[in-house]
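Colleague: Construct the entire structure; sequences and hints are all you get.
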Amino acid sequence: MSDSKYSVRHILIGVWTAAVLIFVFLPSATILLASMTSSRYFTFPITKFGFDWWSKTVNSFEVKQLAITSLTIAATVTVIAVVLGFFGALAFARYDWRGRKLYQKFILLPIFFPQSVLGLALLLWFNALGFNLSWKTAVLAHLVWIAPVVTLVMAIQVYSFDPSLEEAANDLGATRWQTFREVTLPVLMPGVFSGSLFAFLLSWGNFPLSLFTAGSDNTLPKYLYAKMVAGYTPGVPVLGTISTAAAAVVLFGGYAAMLILTRNRKAGI
Amino acid sequence: MSALNSFFAQPGRRAAMPILVLLLLGFVAPLIAVVGFSFMPPRTFGLFHEPSLENYEKIFSDNTYVSLLWSLGLASATVVLLALICYPVAYGLVRVFGRWSTVLTLLFTIPLVVSENIRLYGWVLFFIKGGVLPGTLKTLFGAEMGDFLFTPAAVLFGMVYVYLPFMLFPMTLGIAMVPNQMREAATDLGASRWQVFREVELPLSTPGLMIGSLLTFVLAIGAIAEAKVLGGQRIIPITHDIEIAFTYAQNWPLGAALAVLLMLVVSVLVLAVLRRFDLDQILGKR
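Chains B and C are the protein sequences, given in the same order.
Heads up, the first sequence is in the working numbering, so the first residue is 71 and it goes up one at a time.
Heads up, the second sequence is in the working numbering, so the first residue is 25 and it goes up one at a time.
It is worth saying that the hints were derived from the structure and are not from the lab.
These numbers come from a predicted model, not from an experiment.
Take the hints with a grain of salt, since some may be wrong.
SDA-like cross-link-like pairs, simulated, lysine to any residue; straight-line CA separation at most 20 Å [said to hold, decoys possible]:
id, chain 1, residue 1, chain 2, residue 2
1, B, LYS126, B, LEU136
2, B, LYS297, C, LEU173
3, B, LYS118, B, LYS297
4, B, LYS171, C, LEU173
Modeller: Set out below in structure tokens:
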């Protein structure tokens, strides 16, 4: 294999990846541009730059309410999904029990399922049960999809967990609770961390499930959808930009925090 | 009681219980309710009427199944296009970019957590008259651009865009499963690059490729925002029909019957593909 051929192929792959990355972020860039115009309608090239719509949107009471609802849903989902996912992942990857293979596939089914149909099925189901639709039913709906995702994310961590650590703690006289708190939990912490990061962000950005199950409570994606169907307002790009930037910050911040955590632990602090 | 105790003696069963209860109540039960509703007479809201096949007859006599075909076609095209687009990127993430891979992976993850309608709306502003692309073409070349928005091609474009990470990440996982020694051995034995790809790389990364394709297909067939935001409702996918039946038309049994058709397609595919894989092997590689 000649070296020049090798590098040409790598350059091609690099160029292609860069192109795909641009493709992925082009709409976000467009939205950022559109949010910075001070005219009522978006035309490109922008003639009048300005941030009027930013202050208008950020200061609006309605938007604060939306953010609070979205945050409440995402936080509740995260807490419950992490607890369910933690034990679910132990059952998925750590313990050997009859029915495990079947269980593993069953957990995957909600992930491999069209979300809009799941949302409508839940709408019908909640109605049949006589539940009033609100952010609480949206939490349930999000959980059906997000708890399995968290289980998978954590299972990957559990696979690399050495069960003999637990046995050693046991032999040294630790109670079951002590073993759990001092051995199992710390070792699986990175999984818990990335699991909760995913749970929060997926719930924060979810649209199809919220659309059908949140009733009259509005989340940010739901509100934005209603606005963009109704006609153009520059508030939509502003909120879109905020929502994208927030997700990026949480994701990169979370990753940095995890790097620091694992480094500290390896250093024995 | 002792039977129950011995059932729960295996710690795996105890640990699995909470999420199993959630999925039984929040996934299995609703789907059973949907199936039940699909056999109720049209425009009824309870589950206790005389069962009938009226809804299914209506679907096939009214050509409603055409929207199912649209959804199937668009989803298949999305899968094929994404497989071609993502393979070089996934390969690069595993074999070429080294330490940059992590940052690139994070960058590709961001869109996953931004709601799809926001991102699709970005494309609307990009393509719309006076938007970024037509505006640029006009200022630079004085050229007018034909309409791309609100065509079937725009819907496909949007679906390829939205579901890209769902193909990319499983594919990366799959390619990472191919041991480096295997490729080197094949090269040492005189295989050409194309042969290495066809005989070693591709077959060994199949699990990732299959799971990515399945995930993309299933999610794409449930796509609802793409046709509305980018398609301007020129194409009516099956999800749109279902939504209308549930909301404006207030005909839950018809919506349920359509949903059952979609669920049948999805579950046959998912079960057929999933049963071939050992998840311990795919997820548990060290």
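Colleague: Would you check the hint for LYS118(B) and LYS297(B), treating anything up to 20 Å between C-alpha atoms as holding?
Modeller: 23 Å, violated
Colleague: Is the Cα-Cα distance between LYS297(B) and LEU173(C) 20 Å or less?
Modeller: Holds. LYS297(B) to LEU173(C) sits at ~19 Å (cutoff 20 Å).
Colleague: Is it true that the CA of LYS126(B) sits at most 20 Å from the CA of LEU136(B)?
Modeller: Judged against 20 Å, a Cα distance of about 15 Å means the pair holds.
Colleague: Is the hinted pair LYS171(B) and LEU173(C) satisfied, with a Cα-Cα distance of at most 20 Å?
Modeller: 46 Å, violated
Comparing the model with each numbered hint stated earlier shows that hints 3, 4 do not hold.
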